[in-house]
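**Student:** Position 363 of the sequence shown, counting from 1, maps to 363 under UniProt numbering, and the rest follow consecutively.
Check each hint, because a few of them may be wrong.
What the hints assert, rightly or not - Straight-line C-alpha distance at most 25 Å; calculated BS3-like pairs for lysine-lysine:
hint: 1; residue 1: K129; residue 2: K95
hint: 2; residue 1: K1; residue 2: K105
hint: 3; residue 1: K129; residue 2: K1
hint: 4; residue 1: K129; residue 2: K105
hint: 5; residue 1: K141; residue 2: K129
hint: 6; residue 1: K95; residue 2: K66
hint: 7; residue 1: K240; residue 2: K194
hint: 8; residue 1: K248; residue 2: K269
hint: 9; residue 1: K377; residue 2: K358
hint: 10; residue 1: K95; residue 2: K106
hint: 11; residue 1: K194; residue 2: K248
hint: 12; residue 1: K242; residue 2: K194
hint: 13; residue 1: K254; residue 2: K194
hint: 14; residue 1: K71; residue 2: K1
hint: 15; residue 1: K71; residue 2: K95
hint: 16; residue 1: K242; residue 2: K183
hint: 17; residue 1: K254; residue 2: K240
hint: 18; residue 1: K95; residue 2: K105
hint: 19; residue 1: K242; residue 2: K179
Simulated from the structure, these hints should not be mistaken for laboratory data. Bear in mind the structure is a predicted one, so any value in this text is a computation, not a measurement.
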Amino acid sequence: KGTIDQQAMEQLHYVMKLTEQVRLKAAPGQKEVAPFFPAFVWTVRDFTLQLEMDGEGISEDQYLEKALALKAGEGMIQRYNQPRECICQYFRDRKCFVFDQPAPKKALARLEDLQDDEIDPEFQQQVEKFCSHIWENAPPKTTLGGHIITGSCDSWDCVPCLESAVLALAQTVNAAAVKEAVKFYQDLMEQRVKLPTETVEELLDLHSQCQRETLELFQKRAFEEDICSFREDLTVEEIKEKFLRDNKQESSHKCEAALGDLSRDLDRKLRDGVYNVPGGHELFKGDLQETHCWPMESVLPPRTPSSFSSGALPRRSLRSLPTLTMILRSSPSPGVREQQERAEEERKTREKEEAEEKQKLQDQVRSLEEESLRLRKELEVHRPPPNPPAGNGGGECWWEGGNGRDLCGGGGL
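Start from the sequences, fold in the hints, and give me the full structure.
**Tutor:** Following this line, the structure appears as structure tokens:
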């Protein structure tokens, strides 16, 4: 309607999609499909332009070819050129017809009721020209052998619909695109994932990358019509979960093998008596602790290291552990021995100081006892007789041991 512009070109997106599918399904060895395409006729009703170019008149066909001319450039220019390239490539026989308005504007409201003499004569000439071309130059569709293709419908209501054909084709193509995308994802994962991974996060990152590329492939293969419902069918969760299970299993096997190597080394040292030396207990505990150092710890279930630590050691090693532990613990390591020696020296020093202090106290007590004994002896020597003689004056007398004098109350001897 009106003119041939970019909007009119973009409305032919169904044609572009159908031609893509025809190209994909061309017979083997067939390089060109254009000979099998029908003639292309573009009609423009309510034409508003003058058929002129550079001041000179042009035909409808020249006007069409001018509208189909390509532009040089990239980006948005490619979008401009795409429908034009499809039309020129697949429809070699092209024709254009333009129609003026069939009647004045006021009469258009009752166009169906207008008589022939009320229709614009120029419009009638254009219609006659168009119909003659169709009847005379539009051959029926034929197969490769030249057989004419015919079709029939039960009623005139059964009219072929281009949009329905596209939707039907979209369902077939999109279903195939889903199947192709799922296989593409599985192939990508098998190529990029090297089991076991260091962590679960590493595997999930690879899954995200492959999933993005899978969706991009699906978008390229699928029709936009009804694409949402088929995108929901595009699920790779089952494949991802299988990779997670396989990753955990491979991680478990790798850890079992590593623990087997460690346990064999531990068993060899037990046989050779490497730990039957002072400090061997600490050395043994250090080697045993190495069996709990897992480079893929986040891949394994939480209980796995503890279950491996007992299962990986040889039975003979496990039987010898209690006795070995008792023996080795009686022989402390060098560091512990130094601490014990220092503690022993401090204990002896304290005992010595306490003994010396005790000896001093004993000496003091003995000295006091000796001094007390000496004083008692001295008192015994100077003690007066039990019945001293009475004085001349009949007074009382007593002995003052400290001065060696006897004092009489009467002043007598």
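**Student:** For a quick check of understanding: which of the numbered hints are violated here, in increasing order?
**Tutor:** Numbers 8, 9, 10 and 18 - these are the hints that the structure violates, sorted from lowest upward.
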